[in-house]
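Visitor: This is what each chain is made of:
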Amino acid sequence: MTEATHEEYAIHDEHFAHGHHDEHDHHGPAKGFMRWVFTTNHKDIGTLYLVTALIMFLVGGAMALVIRAELFEPGMQYVDPAFFNQMTTLHALIMVFGAVMPAFVGFANWMIPMMIGAPDMALPRMNNWSFWILPFAFTLLASTLFMEGGAPAAGWTLYPPLVLQGGAHLPFAIFSVHLLGMSSIMGAINIIVTVFNMRAPGMTLMKLPLFVWTWVITAFLLIAVMPVFAGAVTMLLTDKFFGTSFFNAAGGGDPVLYQHLFWFFGHPEVYIMILPSFGVISTIIPTFARKPLFGYSSMVYATASIGFLSFIVWAHHQYTVGMPLAGELYFTYATMLIAVPTGVKVFNWVATMWKGAMTFETPMLFAIAFVVLFTMGGFTGLMMSISPADLQYHDTYFIVAHFHYVLVPGAVFALFAGTYYWLPKWTGHMYDEKLGKLHFWLSTVSVNVLFFPQHFLGLAGMPRRIPDYAVQFAEFNAMSSVGAFIFGFSQLIFVWVVIKAIRGGEKATDEVWEGASEHGLEWTLPSPPPYHTWTTAPDIK
Amino acid sequence: MSHQETDKRKHGRLVWGIVFVALAMFGFGFALAPFYSLFCEITGLNGKVRTEAVDEVAYDVDVSREITIEFVTELNERMPLAFSVETPKMKIHPGQYYTVKFYGENLTDRPMLGRAIPSITPGTATAYLKKTECFCFSEQRFEPHQRREMPVRFVIDPGLPKDIKEMALSYTFFDISDTQKD
Numbered sequence: 001m002t003e004a005t006h007e008e009y010a011i012h013d014e015h016f017a018h019g020h021h022d023e024h025d026h027h028g029p030a031k032g033f034m035r036w037v038f039t040t041n042h043k044d045i046g047t048l049y050l051v052t053a054l055i056m057f058l059v060g061g062a063m064a065l066v067i068r069a070e071l072f073e074p075g076m077q078y079v080d081p082a083f084f085n086q087m088t089t090l091h092a093l094i095m096v097f098g099a100v101m102p103a104f105v106g107f108a109n110w111m112i113p114m115m116i117g118a119p120d121m122a123l124p125r126m127n128n129w130s131f132w133i134l135p136f137a138f139t140l141l142a143s144t145l146f147m148e149g150g151a152p153a154a155g156w157t158l159y160p161p162l163v164l165q166g167g168a169h170l171p172f173a174i175f176s177v178h179l180l181g182m183s184s185i186m187g188a189i190n191i192i193v194t195v196f197n198m199r200a201p202g203m204t205l206m207k208l209p210l211f212v213w214t215w216v217i218t219a220f221l222l223i224a225v226m227p228v229f230a231g232a233v234t235m236l237l238t239d240k241f242f243g244t245s246f247f248n249a250a251g252g253g254d255p256v257l258y259q260h261l262f263w264f265f266g267h268p269e270v271y272i273m274i275l276p277s278f279g280v281i282s283t284i285i286p287t288f289a290r291k292p293l294f295g296y297s298s299m300v301y302a303t304a305s306i307g308f309l310s311f312i313v314w315a316h317h318q319y320t321v322g323m324p325l326a327g328e329l330y331f332t333y334a335t336m337l338i339a340v341p342t343g344v345k346v347f348n349w350v351a352t353m354w355k356g357a358m359t360f361e362t363p364m365l366f367a368i369a370f371v372v373l374f375t376m377g378g379f380t381g382l383m384m385s386i387s388p389a390d391l392q393y394h395d396t397y398f399i400v401a402h403f404h405y406v407l408v409p410g411a412v413f414a415l416f417a418g419t420y421y422w423l424p425k426w427t428g429h430m431y432d433e434k435l436g437k438l439h440f441w442l443s444t445v446s447v448n449v450l451f452f453p454q455h456f457l458g459l460a461g462m463p464r465r466i467p468d469y470a471v472q473f474a475e476f477n478a479m480s481s482v483g484a485f486i487f488g489f490s491q492l493i494f495v496w497v498v499i500k501a502i503r504g505g506e507k508a509t510d511e512v513w514e515g516a517s518e519h520g521l522e523w524t525l526p527s528p529p530p531y532h533t534w535t536t537a538p539d540i541k
Numbered sequence: 001m002s003h004q005e006t007d008k009r010k011h012g013r014l015v016w017g018i019v020f021v022a023l024a025m026f027g028f029g030f031a032l033a034p035f036y037s038l039f040c041e042i043t044g045l046n047g048k049v050r051t052e053a054v055d056e057v058a059y060d061v062d063v064s065r066e067i068t069i070e071f072v073t074e075l076n077e078r079m080p081l082a083f084s085v086e087t088p089k090m091k092i093h094p095g096q097y098y099t100v101k102f103y104g105e106n107l108t109d110r111p112m113l114g115r116a117i118p119s120i121t122p123g124t125a126t127a128y129l130k131k132t133e134c135f136c137f138s139e140q141r142f143e144p145h146q147r148r149e150m151p152v153r154f155v156i157d158p159g160l161p162k163d164i165k166e167m168a169l170s171y172t173f174f175d176i177s178d179t180q181k182d
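Same order as they appear, the protein sequences are chains A and B. Take full-length UniProt numbering: the last position of the first sequence gets the number 541, and nothing is skipped along the way. Take full-length UniProt numbering: the last position of the second sequence gets the number 182, and nothing is skipped along the way.
Accuracy of the hints is not assured; some may be wrong.
Said to hold, decoys possible - Here are the computed lysine-lysine pairs in the BS3-like style, where the Cα-Cα straight-line distance is at most 30 Å:
#: 1; chain 1: B; residue 1: K91; chain 2: B; residue 2: K165
#: 2; chain 1: B; residue 1: K162; chain 2: B; residue 2: K89
#: 3; chain 1: A; residue 1: K541; chain 2: B; residue 2: K10
#: 4; chain 1: B; residue 1: K101; chain 2: B; residue 2: K130
#: 5; chain 1: B; residue 1: K8; chain 2: A; residue 2: K207
#: 6; chain 1: B; residue 1: K101; chain 2: A; residue 2: K207
#: 7; chain 1: A; residue 1: K434; chain 2: A; residue 2: K500
#: 8; chain 1: B; residue 1: K8; chain 2: A; residue 2: K541
#: 9; chain 1: A; residue 1: K541; chain 2: A; residue 2: K355
#: 10; chain 1: B; residue 1: K131; chain 2: B; residue 2: K89
#: 11; chain 1: A; residue 1: K355; chain 2: A; residue 2: K240
#: 12; chain 1: B; residue 1: K162; chain 2: B; residue 2: K91
Unchecked claim - Selected chain B positions facing chain A (Cβ under 7 Å, derived; list incomplete):
#: 13; residue: K10
#: 14; residue: H11
#: 15; residue: V15
#: 16; residue: I18
#: 17; residue: V21
#: 18; residue: M25
#: 19; residue: F26
#: 20; residue: G29
#: 21; residue: F30
#: 22; residue: P111
#: 23; residue: R115
#: 24; residue: I117
#: 25; residue: F174
Said to hold, decoys possible - Label pairs and their calculated CB-CB ranges:
#: 26; chain 1: A; residue 1: V372; chain 2: B; residue 2: E166; range: 45 to 51 Å
#: 27; chain 1: B; residue 1: A53; chain 2: A; residue 2: G322; range: 24 to 30 Å
#: 28; chain 1: A; residue 1: L145; chain 2: B; residue 2: L107; range: 34 to 40 Å
#: 29; chain 1: A; residue 1: T320; chain 2: B; residue 2: E70; range: 43 to 49 Å
#: 30; chain 1: B; residue 1: T108; chain 2: A; residue 2: V482; range: 51 to 57 Å
Calculated directly from the structure, the hints in this document are not laboratory data. Backbone N, C-alpha and C fix where the C-beta goes; we use that ideal spot for every residue, glycine too.
Excised from the complex, chain B in its bound form:
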């Protein structure tokens, strides 16, 4: 009977429609990865920091405001690196450039490749912290037992919202030596 045939065609159309939606949703899951990054970058959520240097431009220094900035050094999964900062806490004025030194010492007998990931709290302050120099812009190579100084030069944009009086800049070092072996 012919209605059997039309039934089949009817089913087929619907089935392929649904399969298409399922495949599209699979793709959507992957598309969420760049969307999410973009979203965090635009909104400054999640403390996601730009990892490119900005040009040094002169700001009007706002001496009337004093902001406490803390530097936090962390290691991922017991990475054998002695990672520290010269001044863990300092008071700064928006618009003025500061340089703070970080230190890293390879505690092993083999060369080590590390990558530091920055994060800023509160997240809303992220967009106002500008760095002209940072070890987080690139991978860091440490020869066996080498101790290195890693300066960070930064400025707080005077446009920083008035309610922010304290902020923290944290760096987590990841050991990526294994991923670079050829």
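Okay, chain A solo, but in the shape it has when bound:
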């Protein structure tokens, strides 16, 4: 084998069937369905992740609508309580592991190589594997719906002993979690290796776009905590089937141990979902404010600080388990500390917009809504960090309102913003700006109608995860359900906008957004980019 073919094999191994080529740069993807099964191209895999995430977003959303339909009025209407609990559990698992995380991995696959001037991800075949594990994991998880006893119904936290008392679903749900964890870890390995080893010459770490930085930190969080979660659910499995007593008090174990293990994973996990959002927003705001990002290095350090702090605050999810005063105080102060780097970020976003020549295209609208609404979710988080106050909020709709504010107009809006921002680059066509704006306004108004009243419900004492409620909660619940249905169906506009842009439309320029080529290497590539980009590394100024 000559050295030339050897290199070609390494970089373009999806072409192995074509044998030797001298001008491999001109080759597009293979034809047909098998292109997607065997692909090792970062753009194809990015697309696969994004399409999967969109489908799972709609599935998880449909489950949320089942929940909101049942809660539209007091009393039991449509579903029995057991199914209601299955819906809350699956909605959360699917949205976290099926929608938000894969969508950000999709962004990472598409954008990181293009942003750092690399020809592809460092480990293309592992990249293929980490994606194709997902459909199997979700099949396992969804299959539990059709089993005796139904799907897991103990909430996404899978707390014992409740989760151990369900039907046949447990091993399926746990193996599904194992697979999802493996997929995430492989994705994280790929991102770290790509960013550390594949940057174009001159692309120093402190020149990396912020989206890349936030993803590197996210990848480290994934590596550190997914295995702990895998370990915790493995202990559930052995407790149930092999007679161990990790969480079984009769055998000397303690169910509270599971809560500590879960939240040691769970708290960094919520930052795994939000840090890449910070990256997307930090990329979009400078483009539409036509100014460089304010305080780039403070953004990097703030992200790293948030990543570090996420490991030492986990027990603020368990203020009610009976911790000693010293523990409550420590976790209160440590949790409040997170507001400092987060405040730095919000300040920097606002300062970037300050005196900027702003225009308000759909990505920017979503980015601004993110800054405002995510900050609101952050403030309710600050309220709950105070342990004596949290005893009142714990397990009420207040917490539901809080984490939906940071995850829906937080993480999901960042995903919308990023999709509108990069869609013309990916497809080569401008999306329909009118429909995009319609999607934005409907989503932003309805998401507040949906989640804002839940603050009041929680403060008044309505517990979460229960299919019925006292009549004094009726008005706010009705309001919330109306918002939910408007929000849910508004997402069909988004689906249509994406399909429309894929099928055609006004040709997008290489730069797409005025002055964008100042803000990232990806805008110096053609729209759509050729199948292989940066086969020769770009010059970094």
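Start from chain A and add chain B according to the hints.
Guide: Using the frame of chain A, we list chain B on its own:
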């Protein structure tokens, strides 16, 4: 080209480094189980009580202090056992030994194996409650419809922090008959 080869080696080193960290974190999750137990035992958090008898040593009885102790009897998952205590609440002096009788009656036609798990509130009092005899030290076997008396002999160490005036000792019985079938 040779830089391709060095690239591969560079990737490999990093990949195995990360995989090692991931595996270590998997192990760390399991290591947390004994750490957590140890932590609770040392600090007395979580009301985790020693389940071994202590030797009966004489303390100076502090008659100036009176502590209210309550006994709570609970069953896990509707275990068919009638579980009660002779005196649910008593006033005691630190340093003096007391015996309190608990009763358990098997309500079924089959033999039953139970295990009682103790817990003390407030957790900071845990280290000062010493038991020379307790049914929670071992598994308890009940023949069909057998009613048994189970005494607990205990003392409160006079070193008990001054701010503790009330405490509760709770026992939860777990049915472990199924785990012992051969």
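Visitor: Please name the hints from earlier in the document that this structure breaks, with their numbers sorted from lowest to highest.
Guide: 6, 11, 22, 29
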